[in-house]
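Number of protein chains: 2
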Amino acid sequence: MIGIFDSGIGGLTVLKEVKRALPGYDLVYFGDTARLPYGNKSAELIRQYALEDAEFLLEQGAQIIVVACNSASAVALDFLQEKINVPIFGVIKPAVKEALQATKNGRIGVIGTRATVNSKVYEREIMSQLSESKEEAVDDLKIPAFMRQGKKAAGGSRKIEVFSQAAPLLVPLIEEGYAKKGETKRILKRYLLPLKMKQVDTLILGCTHYPLIKDIIQDKFRRAKLIDPALGVAQELKKFLQQNPELDRSLSKRGQEKFFVSDLTEHTEDIARLFLGRKVKLNKI
Amino acid sequence: MIGIFDSGIGGLTVLKEVKRALPGYDLVYFGDTARLPYGNKSAELIRQYALEDAEFLLEQGAQIIVVACNSASAVALDFLQEKINVPIFGVIKPAVKEALQATKNGRIGVIGTRATVNSKVYEREIMSQLSESKEEAVDDLKIPAFMRQGKKAAGGSRKIEVFSQAAPLLVPLIEEGYAKKGETKRILKRYLLPLKMKQVDTLILGCTHYPLIKDIIQDKFRRAKLIDPALGVAQELKKFLQQNPELDRSLSKRGQEKFFVSDLTEHTEDIARLFLGRKVKLNKI
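Line by line, the protein sequences give chains A and B.
The first sequence begins at 0 in numbering that gives the first Met the number 0 and counts up one residue at a time.
The second sequence begins at 0 in numbering that gives the first Met the number 0 and counts up one residue at a time.
FYI, nobody ran anything at the bench for these hints, they're computed from the structure.
Hints should not be assumed to be uniformly reliable.
Chain copies aren't distinguished; within one or between two, either way the pair holds.
Computed cross-link-like contacts, DSSO-like style, restricted to lysine-lysine with a CA-CA straight-line distance of at most 30 Å [unchecked claim]:
hint : residue 1 : residue 2
1    : LYS184    : LYS238
2    : LYS257    : LYS119
3    : LYS283    : LYS119
4    : LYS180    : LYS213
5    : LYS180    : LYS96
6    : LYS119    : LYS280
7    : LYS257    : LYS197
8    : LYS278    : LYS119
9    : LYS213    : LYS15
10   : LYS18     : LYS158
11   : LYS179    : LYS219
Please model the complete structure; the sequences and the hints are all you need to start from.
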C-alpha cells in the first residue's frame, strides 16, 4: 500500500489529495505527534526522525512512501532515498515544477517553517529544475552566490528569483482554531509583506497546514498564484504509477486507510477532524 | 550539584531564580529541545520524557533535581519521586502556596499549556494544601465534584475557587519575539477574559515562558496578583537546603553552570539569550 508520513497531523492534507488522485488505493498514515513539530528542529535530527517514520511505514507494508512534511522533504529526502529501498516522494519537487510553470515574472515566493526556509531547498530545487530543462534555457539565476557557483544554466533568457519567508506562527494559530481570527490575518500580513514588496507573483505554500488558510492567504495576497504542494505530489504519484504498471498492480485497492500516531491526546483528534473534515480512528503506536 | 530540566529553553527562567536564591551553587541544566514542546503531549508520554531527562541529569552528577517545566511538574512529579532517588522539586507546589497566601477573595486563576490545564494539577494541589492546613480551615471547595468527593476539608470558613485557562499560543508568540506586539496583546486578552469575568484576584503563571511577558499580563489584568512559580521553587529549594545542611555541604559551589540540550539550532541560542539576557554555551548531547 501507499504510506504517508508527517511530523504530525498536517500531512492529512496530503493524504486527502492522494485519495482524490488515486481513489480506492489502500493508505497508511503515520503522524509523529510524540516529537512534533519538526520545523524548528535541526536538519540532522529531522533526518533521524524521518528515517524512523519511514521504517515504521515499511513495517506496516508500505511499498511507496510519501513524505508529506515539508521540513522532512526539505532536509531528509535524499537521505531517505539512500537508506530506504522503495520509491519515495517528497512535496518539494512537484511544487517547484508547478511554480516554474505558473510564474510570469520569474519571482517565486515560499512560506514555510524555519527548517524548510533555512534549508534553502526550494531555491536549490528551482535551480536544479532550471538546469535540467533544456527547453527553458536560463541565463541568470538570482539565487545566493554560494549556490550559483558553477551552476549557471546554459543559454536562454529565463531569470528566476526566489524569496523565502519563515512563517512559524501559522501552524500553532491554525491548530488552535485561530485561522479566521484577526490576529492570524495580521500576523499573516506581516509574513507576506516582504514577499509582496519583492513583487512575487507565485507563492508556494511550503507547509502542510497552510492549505487550510488558503482563502485567507489569497485574500491577503490577491495577485499571487498559490501553489499547494499536496496537489502536485498526488499528481506526481499518479503519473509514476501509470509509468510503473507492475508496481501499480501490486498495490492493494480496497479503499482501506489506517492512521497511526506516536502520541494521542484529545486535541490530536480535534486537529485530525479539522484537517480531514471527518472523524477518523487514530491508532497510537 | 543542582540539576534543572525543562522541555526546552523556557526553564532558564527557573535557573535564573535558583541562581538568585542560591548564588555560587553549581548548576546543570537540560533542555529537551529535540522533543519540545511537552505541553501538547499526553501525560503518559510526558512522564516517560521527564524520567529520561532526570536520568540524564543524574548522570551529570545532579544530587537534587528541579523540574522547571510546568507540564512535567503537573503530570510527572509523583512518578519521578517514585523512580528517582534524589530530592525532586516541581514548580506547582510552591506556586500554590504563594497563591493561597495572596488571594483575598479566594478566586485563583491559572494560565498554562493544555497539558498543565487538563491535568487539573493546580486544582488538586490547592485542595491538598487546604486540607493539610489546620490553621486555614475550610468548609467548601468549589472544585469539580469528582475531585471533591470524600475530600471535604474539616471545619472553618475558607472557600477557594480555581479557574484554569489553557493559553497555548503564548509560548510560540514569545519564542518568535512577538511578546510586545499587538497580536500577542489581543490573544492574551482573549485568554484572560474568562478569568477576569470570574473575578480572579490571583493569577498563577503556569508556564516557564510567561514571566517574560509578566508586565504585559499585569497591564492587561491590573487587579490580579501574579504568581511566578520560578520564584517559589527557588525559595523552597533554599529552605530545603537550610533544613538539610549535610546535603547542602555536599553540593559544589564554584559558581559553575553547564547547559545541555537534546537538539541545537541557531534559533535555540537566540531563545536562550532571550530568556537569560546573556549568551551561554549550549552543549548538544
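Output the indices of the hints that this structure fails to meet, ascending. The structure conflicts with hints 1, 2, 5, 7, 10, although it agrees with all the remaining ones.
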